[in-house]
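A.B. asks: Read off the chains here:
There are 2 protein chains.
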Amino acid sequence: MSLLIVGSLGLDTVATPFSKVVDALGGSATYISLSASYFTAPLHLIGVVGEDFPKEYIKLLEDHNVDLGGLQIVEGGKTFRWSGKYHYDLNTRDTLLTELNVFESFNPIIPEQLKKSKYVCLGNIDPVLQIKVLDQLDNPRFVVCDTMNYWIEGKKDELLKLLTRVNVLIINDSEARLLAHEPNLFKAAKIIRELGVEILIIKKGEHGALLFTEDIIFSAPAYPLEMINDPTGAGDSFAGGFIGYLHKTQDLSAENMKRAVVYGSTMASFCVEEFSTQGLENISYLRIQDRFREFQTMSKFDEEN
Amino acid sequence: MSLLIVGSLGLDTVATPFSKVVDALGGSATYISLSASYFTAPLHLIGVVGEDFPKEYIKLLEDHNVDLGGLQIVEGGKTFRWSGKYHYDLNTRDTLLTELNVFESFNPIIPEQLKKSKYVCLGNIDPVLQIKVLDQLDNPRFVVCDTMNYWIEGKKDELLKLLTRVNVLIINDSEARLLAHEPNLFKAAKIIRELGVEILIIKKGEHGALLFTEDIIFSAPAYPLEMINDPTGAGDSFAGGFIGYLHKTQDLSAENMKRAVVYGSTMASFCVEEFSTQGLENISYLRIQDRFREFQTMSKFDEEN
Chain X
29 MSLLIVGSLG
39 LDTVATPFSK
49 VVDALGGSAT
59 YISLSASYFT
69 APLHLIGVVG
79 EDFPKEYIKL
89 LEDHNVDLGG
99 LQIVEGGKTF
109 RWSGKYHYDL
119 NTRDTLLTEL
129 NVFESFNPII
139 PEQLKKSKYV
149 CLGNIDPVLQ
159 IKVLDQLDNP
169 RFVVCDTMNY
179 WIEGKKDELL
189 KLLTRVNVLI
199 INDSEARLLA
209 HEPNLFKAAK
219 IIRELGVEIL
229 IIKKGEHGAL
239 LFTEDIIFSA
249 PAYPLEMIND
259 PTGAGDSFAG
269 GFIGYLHKTQ
279 DLSAENMKRA
289 VVYGSTMASF
299 CVEEFSTQGL
309 ENISYLRIQD
319 RFREFQTMSK
329 FDEEN
Chain R
29 MSLLIVGSLG
39 LDTVATPFSK
49 VVDALGGSAT
59 YISLSASYFT
69 APLHLIGVVG
79 EDFPKEYIKL
89 LEDHNVDLGG
99 LQIVEGGKTF
109 RWSGKYHYDL
119 NTRDTLLTEL
129 NVFESFNPII
139 PEQLKKSKYV
149 CLGNIDPVLQ
159 IKVLDQLDNP
169 RFVVCDTMNY
179 WIEGKKDELL
189 KLLTRVNVLI
199 INDSEARLLA
209 HEPNLFKAAK
219 IIRELGVEIL
229 IIKKGEHGAL
239 LFTEDIIFSA
249 PAYPLEMIND
259 PTGAGDSFAG
269 GFIGYLHKTQ
279 DLSAENMKRA
289 VVYGSTMASF
299 CVEEFSTQGL
309 ENISYLRIQD
319 RFREFQTMSK
329 FDEEN
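So the sequences go chain by chain: X and R.
If you use my numbering, the first sequence closes out at 333, no skipped numbers anywhere.
If you use my numbering, the second sequence closes out at 333, no skipped numbers anywhere.
Take the hints with a grain of salt, since some may be wrong.
Intra- or inter-copy, both count: the list cannot distinguish identical chains.
[Said to hold, decoys possible] Cut-off 27 Å, straight-line C-alpha distance, at most; resulting in silico cross-link-like pairs (DSSO-like, lysine-lysine): (1) LYS106 / LYS232; (2) LYS215 / LYS144; (3) LYS328 / LYS276; (4) LYS83 / LYS48; (5) LYS183 / LYS83.
No wet-lab data here; the hints were simulated from the structure.
From a predicted model like this one, the values you see are computed outputs, not experimental measurements.
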């Protein structure tokens, strides 16, 4: 059963209080794929880049067992570019530039042999495109989707249609509040699930993540990182770890979903330790498991004797 | 071994987006005592009120086994009054009025028979007064202390002196950032522990609480309350549950301290469900234990099979 990953690939110019990178590898599909690659293979990426997309980035993805058969390379086209600047506390950022370029006319086409994909991760792109992907698929079993405030505000109707067709929505706390028009996160979660979202994950950055299903609420802690170098891609790395682990284990029970949330948090913690995708490029599975266990140690407590 | 609780008793006028109460029972020592009273008895309260302090509030405390032998009632004096207004999201509030009244000249005097108290909870008052309390005590075993941004900014030197003399500091996330001059909470915690704080607890409201000791970091989830009526006293209720449980069990191990943090969170969750102290006035121990177990269910996950 294949895992399909749809989203953006881009060249990011990112400034933090500590440093700056120019035209680094970025994009939601990139981070999701690299993160998921530590759990399962092959991954099938659907996306678009221009002719200027560096060969070394193609190689990096291929080295991580990412099948790029569904990657459109537009002749003479320019790759999507994003530039952002993080504030002192790294929790807020300003977008300095968004150049859609080849992304502007992106029409995701799912290759015939991937239409029966059972696990699908829709990275943060226009909900219209996310729906287009689902329309081409033949009865997927498990669809995870990400979105952002830009689409919640600008394409609400399309997003609401999409939400009834996915199994899991992953958003951050401010997006959850915006989507539900409700400041209380737990109430907001209830409202969002009533929109037709079966499983909701709310990422809270330095405060961890929450998982809401019909039956459970699970609260995962944040990894105690004292040094965050670049928060870009944290959410996508989370999604990649989450769906990668579920695809590996083929177990969609609530108990396993909790573990998937912790593996998602684990991958996000590796991501933000380095600039761009560097934190996801070379991790041993042993380190991933060690960090998973650290999450467990941090959150475990027993009943009184 | 007695448990000594020092702090304010006041009359609070509180407005939230939902309702308003006038001259309701408030004050740090009040919330700490009521909360701790569910775990251990007797509690010895040190504080000051004016002649206008309602008899029914005295009775309420006495009904919760709070020994008021150390409560000074100033003849002709007026009780401390505080008035605040919570914003829409209940996470921020404006202080509309602070009338110190009898608190202005408060000199905490520890009765002779309580000078050997081994467990002490210093509620949020002027660090000069908190130090005065410690100066009168004969070798306390376990001192928990709370403070707030007002003292961090206004009496930093006195506060820093105090911190080297307590075992546990309980503050919220914004206070931790302010005290450490550091936006990253985990780094801030390290800096604060280097100031001489043996055990640090950072309360994060809707995001739970963190416990830092020499050896462990423990992350407790928040209780998924969909309706918060009045956040006033949440932090004090946390402190009361924390020290009340530790005093009851007389076990200061890291494992038991984790449980104490969850009992603290449990009591804070009961507190904010109602206005003023109402949420702490009549809880069965069974309900407290049930909620403790809900925290456990929310945060528990197992390693893969």
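A.B. asks: Which hint numbers doesn't this structure obey?
C.D. replies: The structure conflicts with hints 1, 2, 5, although it agrees with all the remaining ones.
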